[in-house]
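Given these sequences and hints, build the entire structure.
Those protein sequence lines, which keep their order, are chains D and P. Here the numbering used here is used: the first residue of the first sequence is 1, the next is one more, and so on. Here the numbering used here is used: the first residue of the second sequence is 1001, the next is one more, and so on.
It should be emphasised that the hints constitute simulated quantities derived from the structure, not laboratory data. Every value quoted in this text rests on a predicted model; they were computed, and no experiment measured them. Among the hints, a few may not be true.
[Claimed, not checked] Using 20 Å as the maximum straight-line C-alpha spacing, the simulated PhoX-like pairs for lysine-lysine come out as follows:
#1 P:K1370 to P:K1140
#2 D:K102 to D:K84
#3 D:K19 to P:K1402
#4 P:K1400 to D:K4
#5 P:K1402 to D:K4
#6 P:K1400 to P:K1313
Listed below are the residues making up each chain.
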Amino acid sequence: MSFKNLDTLYRQVIMDHYKNPRNKGVIEDSDLSINMNNPTCGDRIQLSLKIEDGIVVDAKHEGEGCSISMSSASMMTQAIIGKKVEEALELAKIFSEMMLGKEIDSDLDLGDIEALSGVCKFPARIKCATLAWKAMEKGIREAK
Amino acid sequence: MNIKEIRSYFPILDQEVNGQPLVYLDSAATSQKPVQVIEALNKYYREYNSNVHRGVHTLGTRATDGYEGAREKVRKFINAKSTKEIIFTKGTTESINTVASSYGRANVKEGDEIVITYMEHHSNIIPWQQVAIHTGATLKYIPLQEDGTISLDDVKKTITKNTKIVAVTLVSNVLGVVNPVKEIAKIAHENGAVIVVDGAQGVPHLKVDVQDLDCDFLAFSGHKMCGPTGIGVLYGKKSLLENMEPVQFGGEMIDFVNLYDSTWKELPWKFEGGTPIIAGAIGLGAAIDFLEEIGLDAIAEHEHKLAAYALEKMKDINGMTIYGPHDPSKRAGLVTFNLDDVHPHDVATVLDAEGIAVRAGHHCAQPLMKWLKASATARASFYLYNNEEDIDKLVEGLIKTKEYFSDVF
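Here is the structure:
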C-alpha cells in the first residue's frame, strides 16, 4: 500500500494542529460568535472573535470534526489574529482559491495555511477544510 | 449462493479505485446494479420508450404493460393483496411524506400522539415532526436499550389509546438492528393506531410479507435493492388508501376535470400525479426478478454470515468501538463503528486510498447519533455481492489506518 497520496493530505503540520489545536476555546466577551455546521457530515464549529478598531485582536474556535476541519480552524484563527478584518476576508478568498487548486500570489502572511493546499486533490474533503473559513466570513460580513 | 457468479453480474465491481480493486461496502447508501437491471433500462429506452395509460399506439401499450407489470412484481414480492395497494413514488422519503401529508394531516388532531423510535432515519422523523407541528399532536419516542434494540415493554408503555400513528423502521441503517415490527403492529392496532414501516433497509435484505406483518403502510426504495434511483414504493392497505386524499394533483391522477373541481382516478393511480417513473419501475421489476431468482432467504443468510464474520474480526482491532448489538443474531448486514483517535472522515479517506468505499458521517440519523454520543461514525454495509475477502480487506485497511495515524502523530 502506498500512502504517498495520503501524505499530500495529512501533512505533519496539519496533524500537529489537529493534536495541539491553537486558540481552542470560547472568548467570553467576544464581539462575534458564529456557529456553523456541515449538515452532511456532522462537523460543527463555534467561532468567537474579538475585534477592536477593525483589527481581529483575538479568535477562538470550539467544536468537533475530522483532522482536516479542526486543523483548518486552528490555522485560520492563527492566521487572522492581528489582521485587519479586510485582510481576514482576503485570506478567506485566497483559501477558497487554494481549495480550487489555483496558484496563490499574495503579499499576506499565510502562515501554516499552505499546508492545506493538498486538500484540493481530495474533493470530498474540501468542505471539511472550508468550514471554519466560512464561519469567519459569515460572522464578519454580518457584523459589517 | 455462488458469490463469484453473482459478482459477475455487477460490472461496476470489476474496476480499480486509486490503484486498488474496488471493495464496495456502502450498499446501505445505495446498492450496485446488475446487468439484468441495466439491460432492462437500456431495452426500454431503445425499444419501447413511450408514455403510459394514454394513446393507442403499440409502444404506448408496451410501456404500459411494462410499468403495470412491474407493479404486479412488487405486489407479489411483498405479498400485498392487490396492485391497488402498490403506489410508485420516487423513494422511501416520498412514500413516508405521502402518508404523513395525506393520512397524517387528516387523521391526527391536537392531543393525539405519533410514536416513533430513537433509531429512525431523518426521513421517518421529520415528516412526523411536521404533522405534529401542524396538528398540535405530540411526537413521542420509544427509547432504546443499552445495546440499541427496543423492548416490547417500552413499546407498550409508549403507545397509548391517544396514539394515532406508529412509525418505525424495519432495520436500522446505523445499528443494523432488526425490529420486531409484527409485534409492534399488534400493539399499535390494539390501541387503535396505524403502523407505518420504513422498509428502506429491510425490504432489500430480508423477505417481507405485508400481510404477515399486518403493517398498514410500508415504504421502500428501489435503488437500495439493485434497482435504479428515483423509484420507490408506498404500500398501503386498500381500506386506508381509498379514504386518503392525493397529495399531488395534475395529469395522470384525474378522472373528470371540471372548471372548478375534479374527481380522482381509482387506486393506485390517484396517488401518481404526472408522467410516472416508467423506466424506474421497469428497472425495479427487473431487480425484483433478479433478487427472487437468488432468493431473499439466501441473501439474508449470506449477509448474516458476513455481519457475524465482520463483527468477529473487527472487535479484535485495538481501539475499535462497534455500535449496536454485538450478538450477530440481532443484526442485519452492516457494521457501524469508530476507531479511537481517528475521525470517521479520516478513516473513510484512508480506506478510499485502498479502494474501499465506506460511509462516514451522521447517516441521516442525528437523534440516534446523540444517543450514541458520537458526532459521526463510519459504516460498512454488505449486500449479496460482498464476500469474506471484502471484509478481510476492510480489517486490513482499518489496521493500516490506525498505524498511519499513529505514525503521523
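Status of each hint after checking the structure:
no.	hint	result
1	P:K1370 to P:K1140	16 Å, holds
2	D:K102 to D:K84	24 Å, violated
3	D:K19 to P:K1402	15 Å, holds
4	P:K1400 to D:K4	14 Å, holds
5	P:K1402 to D:K4	16 Å, holds
6	P:K1400 to P:K1313	15 Å, holds
In summary, the structure is inconsistent with hint 2 from the numbered list given earlier, while agreeing with all the others.
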